[in-house]
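**Student:** Chain by chain, the residues:
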Amino acid sequence: MKDIEVIDHKDTRSGFGAGLEELGKTNPNVVALCADLTGSLKMNAFKDQNPERFFQAGIAEANMIGMAAGLTIGGKIPFTGTFANFSTGRVYDQIRQSVAYSNKNVKICASHAGLTLGEDGATHQILEDIGLMKMLPNMTVISPCDYNETKAATIAIAEHNGPVYLRFGRPKVPNFTDPNKKFVIGKADIINEGKDVTIIATGHLVWKAIEAGKALLEKGINPEIINVHTIKPFDEETVLNSINKTKCVVTAEEHMMNGGLGDTVSQLLARKLPSPLEMVAVNDTFGESGKGEELLTKYGINTKDVIAAAERAIQRK
Amino acid sequence: MEVAELQGISSQIRRDIVRMVADVQSGHPGGSLGCADFFTVLYFETMKLDPKNFQMDGADEDLFFLSNGHISPVIYSTLAHRGFFDKSELATFRLIDSRLQGHPSPAKNLPGVRIATGSLGQGLSVAIGAAQAKKLNGDQNIVYTLHGDGELQEGQIWEAAMYAAGNKVDNLIATVDYNHKQIDGDIDEVLPMGDLAQKWQAFGWEVLEMDGHNHQEIIDTLAKAKAMCGNGKPIVIIMTTIMGNGVDFMMHTHKWHGSAPSQEQKEIALAQLPETLGDY
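Residue numbers (the working numbering), protein chains in the order written: chain G, 5 to 321; chain S, 56 to 335.
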């Protein structure tokens, strides 16, 4: 397993803010809307540099999504920003009708996704958002793993014509992807080539998968680790090629088991390549208050859970 | 255009509504009939449009968003007679493979439709976004909307109302179809809304009122509203109408909100509505 260098520790939401700031300079059609969480979403730089292209919606997310759909009609590329819970569940019908069915070029950018939001607790810790968004026709769903990748994804989705859900998070986490790497929507990245088990991860769990991979290597197990930053459209080819080689698979995500990455992979395998599958995901329960790392451990989606899942998957071959 | 000519167009639109809904035995005739006069004036007199060259961005044109999408028959007939598409297509209303979906949608690329509506309460927000884009683009034209009165029970309408006034979206003219009826009955029985004009005023809007069946009054009120644009406030017109207007047995009841007339009832209705532009 090649050595993966941690450049620094940063929050993925700051990657979004940096990407949006760059778009403000390079693409005059990009506009931004925020529902009273400008600081939390790291949208201040864009707001300060482009006040005429920034729309403060207030605590009125439904109106924000509708306005974003309307702005596309005049040729704008709107990026909406609020927490993942308020970006999806709260405004599902607005997204469904005004954005997805109407096929409008809106970028729904969602921070504080998953358990690692931490102390605010279950009201804010949405674990269903990937499922909600991937079910919508026309919607692209992206879940980058670190600061650099989130920044690159933010810039890339401006060039994609159509609705996009971009999911990122609150805590500072290892930043390790190449800052110069171009983000290709729908193309999974093989982080480590292995042969014994395929570990497919998304978002914050990609780093956990890398940590698990190091531990597995010490046990003599050589895992193939794949970063699936695009849940939809899903890179079936890369995943199937890997599982054809390793013959078993683990999925890892900071999301509900129902509707998440593991759900997508299980459907794929059932149709095309039945194989032992272990899912590291939250199992049909709400979260609670606590520190992010504590919650990942309590709800069974931390590094040790990935390691155990890989061992179970291999035993089932 | 002379008022008599506009009245003739409204009669044809009403004929189309009755025939479309009766022939497919589904759809919403009541509100459609009630808004036929408004649509006639808006599309044949008020709005700056380019029907033969429909572009999604509507640059250098006025835009219209039908927020209460269930009254699709009235907008389909209006668009057809205004030249957005051939009136023969009205015969496909609600049929499989048609561009004329039960509720309007751009998914099938129907000229004249820019957003999907049907789930209520969303059109005002979309219109505000489109109006803001016009301002960013230096486009001086106006964005119009129509809403049902029952639709104002949706909370998103008031989010949008607060936003538009607070942000001086003054290139926007909303109209409320105030027919006092919704599916379950009279709005005062289903969910009383109190004084609508006062509510909009309290939210910071300029409020006008008009009789939605008097073509001259509609022309004058829309012109007055347009003249009020650019003064820092959005404008709403509370338009009094009669659900089912033009067909005697459909008037003054919520019964025809979403029910289709039988073939026999259709003939009775058509006898009350002179054919002026030619049936589809």
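In short, the hints are calculated from the structure, not lab data.
Heads up, the beta-carbon is just placed ideally off N, CA and C, and yes, glycines get one too.
Please note that a few of the clues may not be correct.
As the list claims (entries may be wrong) - Capping the alpha-carbon separation at 27 Å, the derived lysine-lysine pairs in DSSO-like fashion look like this: (1) G:Lys191 / G:Lys223; (2) G:Lys51 / S:Lys190; (3) G:Lys295 / G:Lys14; (4) G:Lys321 / G:Lys223; (5) G:Lys236 / S:Lys163; (6) G:Lys185 / G:Lys236; (7) G:Lys295 / G:Lys249; (8) S:Lys310 / S:Lys281; (9) G:Lys223 / G:Lys276; (10) G:Lys51 / S:Lys223; (11) G:Lys138 / S:Lys163; (12) G:Lys191 / G:Lys251; (13) G:Lys29 / S:Lys190; (14) S:Lys190 / S:Lys142; (15) G:Lys6 / G:Lys138; (16) S:Lys163 / G:Lys51; (17) G:Lys276 / G:Lys302.
To be verified - Simulated coverage check for chain G against chain S, where a stretch passes if three residues somewhere in it have a Cβ under 8 Å from a Cβ of chain S: (18) 89–102; (19) 105–116; (20) 281–295; (21) 311–320.
What the hints assert, rightly or not - Each pair of labels, with its calculated beta carbon distance range: (22) G:Ser293 / S:Met306: 37 to 45 Å; (23) S:Ser314 / G:Asp97: 38 to 46 Å; (24) G:Pro55 / S:Asp141: 41 to 49 Å; (25) G:Pro55 / S:Gln208: 33 to 41 Å; (26) G:Lys302 / S:Gly221: 36 to 44 Å; (27) S:Gly285 / G:Asn165: 19 to 27 Å.
**Student:** Each hint should be assessed against the structure and marked as holding or not.
**Tutor:** Each hint tested on the structure:
| no. | hint | verdict |
| --- | --- | --- |
| 1 | G:Lys191 / G:Lys223 | 30 Å, violated |
| 2 | G:Lys51 / S:Lys190 | 18 Å, holds |
| 3 | G:Lys295 / G:Lys14 | 17 Å, holds |
| 4 | G:Lys321 / G:Lys223 | 18 Å, holds |
| 5 | G:Lys236 / S:Lys163 | 23 Å, holds |
| 6 | G:Lys185 / G:Lys236 | 20 Å, holds |
| 7 | G:Lys295 / G:Lys249 | 38 Å, violated |
| 8 | S:Lys310 / S:Lys281 | 35 Å, violated |
| 9 | G:Lys223 / G:Lys276 | 31 Å, violated |
| 10 | G:Lys51 / S:Lys223 | 19 Å, holds |
| 11 | G:Lys138 / S:Lys163 | 22 Å, holds |
| 12 | G:Lys191 / G:Lys251 | 21 Å, holds |
| 13 | G:Lys29 / S:Lys190 | 20 Å, holds |
| 14 | S:Lys190 / S:Lys142 | 34 Å, violated |
| 15 | G:Lys6 / G:Lys138 | 33 Å, violated |
| 16 | S:Lys163 / G:Lys51 | 36 Å, violated |
| 17 | G:Lys276 / G:Lys302 | 34 Å, violated |
| 18 | 89–102 | holds (count 5) |
| 19 | 105–116 | holds (count 4) |
| 20 | 281–295 | violated (count 0) |
| 21 | 311–320 | violated (count 0) |
| 22 | G:Ser293 / S:Met306: 37 to 45 Å | 59 Å, violated |
| 23 | S:Ser314 / G:Asp97: 38 to 46 Å | 25 Å, violated |
| 24 | G:Pro55 / S:Asp141: 41 to 49 Å | 46 Å, holds |
| 25 | G:Pro55 / S:Gln208: 33 to 41 Å | 35 Å, holds |
| 26 | G:Lys302 / S:Gly221: 36 to 44 Å | 43 Å, holds |
| 27 | S:Gly285 / G:Asn165: 19 to 27 Å | 33 Å, violated |
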